[in-house]
Structure formats: structure tokens, C-alpha cells
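Enquirer: One letter stands for each residue in the lines below.
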Amino acid sequence: MQRIGVFVCWCGSNIAGTVDVQAVSEALKSEPGVVFSANYQYMCSQAGQNMIIEAVKKHKLTGIVVCSCSPRMHEATFRKTAAAAGLNPYMVEIANIREQCSWVHKDMATGTEKAIILGKAAIAKVNLNTPLTPGESPVTKRALVIGGGIAGIQTALDIADAGFEVDIVEKKPTIGGKMAQLDKTFPTLDCAACILTPKMVDVAQNDKIRIFSYSEVTEVKGFVGNFDVKIKKKARFVNESLCTGCGACTEKCPMKKVPNEFNLGMDNRRAIYIPFAQAVPKVATIDPDYCNMLKNGKCGVCAKVCTAGAIDYTQKDEFIEEKYGAIVVATGFNPISMDKFDEFAYNQSKDVITSLEFERLTNAAGPTAGKLLRPSDGKHPHTIVFVQCVGSRCDSCAEKGKEYCSKICCMYTAKHAMLTRDKYPDTDVYVFYIDVRTPGKSFDEFYRRAVEEYGVHYIKGMVGKVSPEGDKLKVQASDLLNNKQLHIDADLVVLAAAIEPDKSARPLATMLTASMDTNDFFTEAHPKLRPVESPTAGVFLSGTCQGPKDIPETVSQASAAAAKVIGLLAKDKLTGNPCIASSDELMCNGCSSCERVCAYGAITYVDKEFRMPDRTTAIRRVAQVNPAVCQGCGACTVACPSGAMDLRGFASNQIIAEVDAICK
Amino acid sequence: MQVKEYKPLIVAFCCNWCSYAGADLAGNNRLNYPADVKIIRVPCSCRVNPMFVLRAFQRGADGVIICGCHPGDCHYTSGNYFTRRRMALLFSMLDYLGIEKERTRVEWVSAAEGAKFAATMNDFAEKVAALGENKRLEDLRCKR
Amino acid sequence: MKLSYFPGCTLKTKAKELDFYARKCAEVLGITLEEIENWQCCGGVFTTAKTEIATKLSSVRALKDAKAKEQALVTVCSACHNVIKQTNHAMQTDAEFASKVNNYMAPEEAYNGETAVYHYLEMLRDLVGFDAIKEKVVNPLSGKKIAAYYGCLLLRPNSVMRMDDPENPKIMEDFIRAIGAEPVIYPYRNECCGGYITLESPALSKKKSNTVSESAQNAGAELMVTACPLCRYNLVKNGSEIPVVYFTELLAEALGVKEAGNE
Amino acid sequence: MNKANENLREEIIRMSGVNPKKCMRCGKCSATCPAFDEMEYHPHQFVNMVESGDIEPLLNSDSLYKCLSCFACIERCPRSVEPAKLVEAVRLSVIRRQGENHLTANDIPALIDDEMPQQAIVSAFRKYTK
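Residue numbers (this note's numbering), protein chains in the order written: chain Y, 4 to 667; chain G, 12 to 155; chain P, 9 to 271; chain A, 69 to 198.
In short, the hints are calculated from the structure, not lab data. You may find that some hints are simply not true.
Here are the simulated lysine-lysine pairs, DSSO-like style, with alpha carbons at most 27 Å apart [to be verified]:
#1 K153/P / K353/Y
#2 K18/G / K667/Y
#3 K18/G / K353/Y
#4 K444/Y / K531/Y
#5 K214/P / K477/Y
#6 K477/Y / K245/P
#7 K405/Y / K71/A
#8 K405/Y / K89/A
#9 K487/Y / K20/P
#10 K112/G / K667/Y
#11 K90/A / K215/P
What you are looking at is a predicted structure, and each value in this text was computed from that prediction instead of being measured.
The task is simple: from the sequences and hints, build the whole structure.
Expert: This is how it looks when you write it as C-alpha cells:
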């Protein structure tokens, strides 16, 4: 039996004005377990708190009920008071007789009656309270960033800047991601390489950062603060520590006809290659699908020309196991395939390209050295048609495309159109749009400049069909404002393809037990208040893996994720919320109902040996809650068919006691 | 036997993050609602076991309302979706047992919606009062 | 292999050769086409309105007959294929429509779209195989540049027809390759010839047909091939400078059964 | 929207199975329509006018008889609106009325030639006549 002390607060006249505090403290005196009851003007004041501490000592109280303002206001205060008096802080309950009683009722009799009932409910609950201790777990002070695009780079730099070690795992041979492929960036038009490559160099030179390029995460175990991660370093057949990146091998390799993925297949590279001049790490990689030496043992030119002796045809995939305290997902995006949109003839004409291909065509380091030339015949295009929303904003029943707006297309199309008109004023540029969406700093001004200063023809309507006829692309489109069907003979058609999360995201999410939406974007722990955290504790989100974003937004999110990681790694120990679920293993039947409703992946199953009543032992599958991961929502407690799962601090018998007290 | 004026007894389960804060806001703004409403704080609306609702009716409650965050705004991401489904089932079963649909309700009240909280409680209390005392499920041993 | 066969009205009159060679070639390829007894005209065009019941009953009858024989149903004419396949899809997916039809026809066993519907080209691709056809070709049409004209009915709507990529199809091109000729790809191969609008607005049908045939010609085609009598009519009547033939005719030629069957 | 228009709108939506609210006004239907130039009201206008209940002008327009039923707009609509089905539903609501057939058997001899396949005539009857 508890020894409970009841403390009724007047809150000046806030409570005492509508509630007869004396009557309340008298009425509660005779409740079961109550051994002391008092009232005071301001319980939260130092004097009030001292009164509690003295009463605990004098009457050997084991539980405290404070009838006062909302627990959202002073629960923490009174828990500290209890701790100061030597009580477990979770032996305190608050009866909210201000916000939910004295302030909403005008009549003294009603207010007093309700306050007494609320007090009784709190007493009934405290009678069943048990001391709770928050769990503690250590924190490994190293972070893992998965993905080495601008998001991963920024996150890693910020974490390293705070003094923590960071590893970047990038599946391609170099970090840099999509931004490395871009030409200029809106709305300021500074060149992407000029602002990205210094950051890549910073990453390479930072002694807190390790880069695992050409590598993939293959296994994740553990939980917040204590992840065990297995990383596969794919064989690149070049010794990274010996290679100087001189490029002699990539010039001499006789296998010249390998589609260059960095230029989206618009030109060729060799079988041994460095993706681009500023690659980090600047190390060659041999493509095993094309290398003659690896395929049939006939060649070996690269080994001959390599003065550093870095070529190693026998290299094998290597596995690295490392511990991390936090994991940041920065897996990025890709444009969707245009296969299902061939009314635009992407698969039928080389001169129908995606916007990312257009970036490469205008990039000084691209396949045309920055001259805008048609892929089919290398001629300068005089009429260019841009089509927006290709595959974005599609109906879910349409069997193709994505339901969401890809967000970045309106701006980069305006940029492409403007830059084309700027460099080649003799070019006619048409942009077919459904809406022009420019919510960003200096974004709409940028788009207006494309229209007003650069004379880009913006047409509200859509392209219905592109017909490659001779060396022209016959574009049939609608002009909705003029209610006309247009026929334009274009030289180049550029499709603003929708973007989608990288294909590696889904298996990664499974490994991390991080949740995803139907489009395979990672979901955030809270859409407004925790936008850079995954619901899985210790897993953070950076960049477009969470949703379409432009570069400024990606970088802000990347830094925000870094701040969250730093906040986590700065702790030596993690103190959990003690109000978490726990399962009674003797009652658990291992049905997995709780696991299925847990949004955090906090519940796992273990096979455990139990002594049976007949003195035999049996192995049973039972649920175990990871206290470091559980957030204490209680969804599992209701899903549990056997009643094994309960929530500490809000136990079923406590809530039922409150119900009973109220209904008495 | 003492004859008392009939006043409905209403149990309100409020989630800690939205609706309980909404109730606090109603108090801050001095928005009145009947004292018949007694609030029980739960971490999330999905903590409300259908057993709690049955218990309340068994012990003489005339109405039970469960308040949670708006769909999509759940502090725990998806808890209120569970509530929505579970309670839809429970309420239709209760309706079958003779506990009218007006006696049970799930309402989404955000922390900013003090006015909505008060309005909801006024409306709910009025509807429950109009139905009169609930006799179904009541355990006569617990008669008030 | 035995399949139910729905020829359609035009194949019995203006497009006899489409029908004749289809049967002839099926024999060579080891397929028995059993003509549905007492089939009725499909109506030529699918009426999309959900409230149109009567106009779809003839298709359901043919489908039901094929089901009774436990055979798949094959059509050659694009229009018949489109109507029958869309009707079958409605029977599968629109329960209200299906129950109205079944109530009206009161068959012994309700029909709910169980029959598999093949276009003759699909039959060639999926049941015979273009490689098998290639082996049976005795008279390859080597060097002939042939433009496939799909028109609109074979491919659309793709959610129902499921024949090929509706915007960049290749089934007819693969067919052309199988008989030894060279396919010519041109952009208007899946655009409409004007269809029945030839009665309402001959000028529009002329414009549409000419765009198609000129596009094929510009791409270097010597010959156009189609599966639809109305497409062929529109293209020829509106002055296509290159000949337009049915695909079954070419198949017969390649399989060496054309002379034999020339009536 | 008055009651008569609203009833007509509901009837057309029910008949066609189309939900015009899904339209995002991109105009791809009108961009792709092969009969665009012959039409007074274009596919995107059909969708918008049915949605807003402005159906009267459509009932009296020749545009109803210009649709080729080629399904291009249905195939290419990114929102699965299927404008051709709306055109057909509006047309049916006209020709189902007494004496409103757009084509009669008497018209046929003047319209055909020896080569014309039956298919053209039955199709036209399906589309223009009840």
C-alpha cells in the first residue's frame, strides 16, 4: 500500500476562485492510501516545494498527488521535487484542476465537485505507480553517411566540423552525386562544379572523414547509439592507396566503347576510368563488364602503363565491419525512365533528351565541351521545345509516372531556357507548362526574367506527340490560352522527367527498419517538427531521399541532419524515456501483432527457454522491447491479444483505475 | 433513495501531444464546457484499449470520447490511424449492443484548437444528455 | 492447337483476303481456327458508355461460345479485336455491367470474361512464336522495306489491350522481320487514319490518312501493312502512293501459300 | 449551376464513368487529338465544361460527331480522366432523344462508295445513331 500525500494548489485565485481548495483537500484525505493532505497558495513556489519535501520525510510518503495546473506546465517541476525528497520522480501524478477545471467552470460547487473527482483519479493512479528508471545506453561516437552527393557531403562536413568521425559510403567510384553532373545552378547561375568541387576536396582532406567509394552497405544491426554496419567495398581492381590518379591507364586502355554513365551515355569512356576530372577519390576503377583482361585474360595494358603499380586484377570484394552511433541516409534521386512516355519519342530519336542530359550537353566538361549541339548530327538546334511535368503529377491509376510534383523542374527548365537564349539568341525556345511553380527565394523573379528579358515562349499547354520526321521533330501541342493546337518543327526536345528515389533506397530502408512512403521516399519522424529524423531512432534523413528538393533545400536539410547527429553523438550515454512498453514474457505468445503496429521497429522476437509447470523446459518465441528505440505510444499494448504488452507509466490497470475513479 | 438531477458522465481520453494540449488551451482561453466531461491523459490515442471504453460504460459512463491528433499529425506517426480503425469497429459493435452511436466519438483536436475542443465537448455533452442515462452494459454492482 | 475464330463482317465481304490468308497461314503453322457459329457483327467500334449494354452483346456471345469450347478467341480485324477485348475486359472488371449482361442473356453459366482474347498477331507472337515462323518461311521477302501501320485500335487503350508498348510498339516490326523483310519505323504508325469519320468528314479522314502514308513514304517504305480494313480503305482511297496490304497476305506470300490460294 | 444542368452533369458522369475533377488542366488531350481542328469545342473544354455544368453548348455542337474514338486522349492523359468517354456520353445524351439521330439509313447511299468496308458504316451507326 502506498503512503500518498495530496497537495492542492490555489494558484492564487486561479484555482481557489472557482474551486474550494479546502474542501478538496479534506475530501481527498479519506481516499485509499492517502496519509496526508494539504493546500497551499502556490505549490510550485520554493515554499510549496519545500512543503512537499518536508511532508515526504515526515509522513514517509511513497507517492505524491499534486492538484494544480496542467502536467504539461509543472509535472517536471514536481518530479524534481520528489527526487529532491528522495522519492522516485515517477511516483508523482498531477490532477489538472486549473486548465481543465477552474478555468472552464464558473460555478464553485461544480468546480469543487469535479476537482475532487480528478484528484481521486490521480490518487487511484498513484496507488498503482511503480518507480521507473530511465534506461541508459552508450553512444559510439562515429557517424555513417550513406550516399556521397551534395547532401551526404554537407552532412559529413558538418559532423566532422563538430569533431566527430564520419564515414561516407558511396556506391559510385566517386562522391559528388547528381550535382557534379549539373552545369549552372538556379537562381544565381553559379556553376555547380565551382561550388561543389571545393567541398569534395574538403571531404577528401578532412582527417575525420573516411570515404568508402564504390561501396555499399550490406547489413545493419543494433539500434540508436550502437549500430553494427557491414560495408562491402566492391573490387575496383586498382589499389586505392597506390593509384595517383594520373590517368595514364584511362588514356591507353584499348576498350574505348563503354557508354559513359557520367555523361548519361552520350559519349564513351574506357573500361578503366575516372568518372570526371575532379573525382574524389581520384582513383581509377576497372569496369569488369568491359575489361578484356578480366573477361578473358587478354590485355593488361593498364598494368603496363601504370608506373605506380596500382593495377590489381586479382582484387576481391572486401567487407568492412564498423560501429556507428548514428546513420544518415542520403541516397538521393534519379530521373525516371522515359520508356513509358514514348509519345514524346525519347526512345525513337536521339534528339529527344531529358533535362539531365541537357545539363551535360551545356556543361563545358560534357560530351560537346559545352556547345549546345544535337546528339544525332552535332548541329546547332534552332528551335528547342521544353516539356514540363513528364511523369510528374500523374494519376495513381495511370500506370505510369508519379503522383507527386517533382519540385525542381520548373526552375531548371527556366534556367535551361534562359541560358540557351543567352548563349544562342538565334534560338527559339518554347516551354510547355501546366503550372509554373516557383516558391523559393528569387525563384519567381528568375522565371519572369526568362520570359521578359530573354524572350522564352512560355505556353500554357502540353505536348501530345513528338514525331521524328527527317531531321525535324514535329511537335504537336496545345496552347490552352489561345485554344489552339500548335505544330512546331523543333530541332531538340527536352523532357523534364520526374525524379524518383534511388533504387538502393528500398533495400536500405529494410535494413534500417526505417519507414518509406508509397513512392519509396523515406518518411520523417514528424512531417513538421522532426523533418530530418526517421521514425527509427538514430537514423537521419538528408536530401532527396526524403522528397524532391533543390540544392539550397538539400543543403539546409543536410546541415539540419548533421546538427541532429551531433546532438546525439555529443552524449556519452543515452537516457531513455522510462514510460515505454514492456512485455510479460510469460504471457506473450509470440504472435507478432505488436511488431506489426510498431512504427519504430522497437520490438524484436527472441527464442527463450522457459521452465514449464511440470519442471520441463521449453523454448518459446517472445517479444522483447528495445528500451532505446521504444517511444512509448502504446499502440502495441492494444494490439496484443494476450495482454502481455503493457506501457510503463500508463499501464492498463492504472488507466482502468482512473476510469473507475471517475465513474464511481 | 436520494433522487439526483440527471447529469451525464462523460469520459474523455486525450492524447498527450495534441488533444490534451488543446484542452489546456481551452482552459487558457476560459472557454466553458460542462463539468460532466472528465479527461484522462494517454500518451497517444492508440493507447486507448477498447477495454477502457467498455469499462467506462460498465462503470456507469454515459458517453466516451477519444481525442487524438489530426490524421497525418500523430506524434507517433501512425497511432491515430490505429485508433480510427479500432474505434470504428468497437463503436459499431457497441451500437449493436444498444449503446447509441451518439454516445461514442473519435475526434481530432490539435494543440491549437482550444475552441474546437470546447465546442466538441459542448456538442458531445449535449447529445449524450439528450439520450439520457445509459443503462446498457452497466454493472449494477457499481451503481452510483 | 485449336482456337475459336471471329472473322467479322468486313472479312466476309470487302476484306476477304485478310480472312482467307489468315486461315491458310494458320493451317501451315499448325493451328486450327474454328469459326464461331452464327457470329454477329461486333459493331465496329466499342461504345465506352457504361449504360450501353445491347451494343456489346454480340461480342459477349462470341466470347461465351469460345468459353464453352474451352478455346481462346482469335480475331484478325483490328476493330473486332478492339471491341471484343474491351467488352471482355468490361465483363471482367465491371460487375454491374456483367450482371446486367448475364441477366439479359440468361446463359446456363454466367460469363465473367474467362475467355482469353488474342489478336492474330498476338497469336503469331505468343502461341506460334516469330522464330518458329521464321523457320517456316520459304519465300522470304528479303530487302522489302515495309512500314507497319498499327492505327489506333490495335494498341489503345493499353490498360485493356495489353498488346505492346502503345507509343513505341514492335510486334508488327518483329513480324516483318520474321518474314524476312525490313521494317521501316515512322512516327505516325500508331496515329489514327480517321476511321469512320470518312462518312462524316471525308476531308478530315483524307488529312489524317495522308499524314500517315506520307510519313511512311518519307521514311523509305515501299509498302504499308495493316490489320484493319478501314485503315486500308482510308489510306488507299486518299491516295497513298505506296501499296497498302493486309499482314496476312504478306505472311501467306512468305509461307509460300499465296499463289495456291489466289482466287 | 441550375438543377437541370446538374442532373445532366450527373447523368453524363455516371454514363461515362469519368471523374472530371481529376483533371489538372494540362491540355494533353487537346494536344494529342487528331480531330482538334474540326472541333468547335476541344477535348479539354469538354472536360471543363461538363465539370462546370456548362453542357448546353456541347449538346448543340457539331464537335460531338468529330471524335474519331481513337482513344489517344484516353491513352495519354496523365490523370486518367479519359475525355473521349465524356464526349461519347454527351453525344449519347443527344442522340438517345427522339428524332436526334445524326445519321439515318437514307443518308448512306450518298456517303459511300463501292470499296468502303462495312466496318465504316456500322461504326458510324454505332456512334451517330440510336
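Enquirer: For every hint, state whether the structure bears it out.
Expert: Hint check results:
A threshold of 27 Å between alpha carbons decides the hint, and for K153/P with K353/Y the separation of about 22 Å falls inside it, so the pair holds. Taking the CA atoms of K18/G and K667/Y, the gap is about 14 Å. The hint holds against a cut of 27 Å. Only pairs whose Cα atoms come within 27 Å are accepted, and K18/G paired with K353/Y is rejected, the gap being roughly 79 Å. Taken as a hint, the K444/Y and K531/Y pair is honoured in the structure, with Cα atoms around 20 Å apart against an allowance of 27 Å.
Proximity of K214/P to K477/Y is assessed by CA-CA distance (about 19 Å); at most 27 Å being required, the pair is judged to hold. Note on K477/Y and K245/P: the hinted pairing holds, with a Cα-Cα distance of about 25 Å set against a maximum of 27 Å. With a CA separation close to 38 Å, the supplied pair K405/Y and K71/A exceeds the 27 Å bound. Restraint check for K405/Y and K89/A: the C-alpha separation of about 18 Å stays at or below 27 Å, so the hint holds.
Between K487/Y and K20/P, the direct Cα distance comes to roughly 42 Å. Violation of the 27 Å bound is thereby established for this hinted pair. Only pairs whose Cα atoms come within 27 Å are accepted, and K112/G paired with K667/Y is accepted, the gap being roughly 23 Å. As the CA atoms of K90/A and K215/P are separated by approximately 33 Å, the hinted pair breaks the 27 Å bound.
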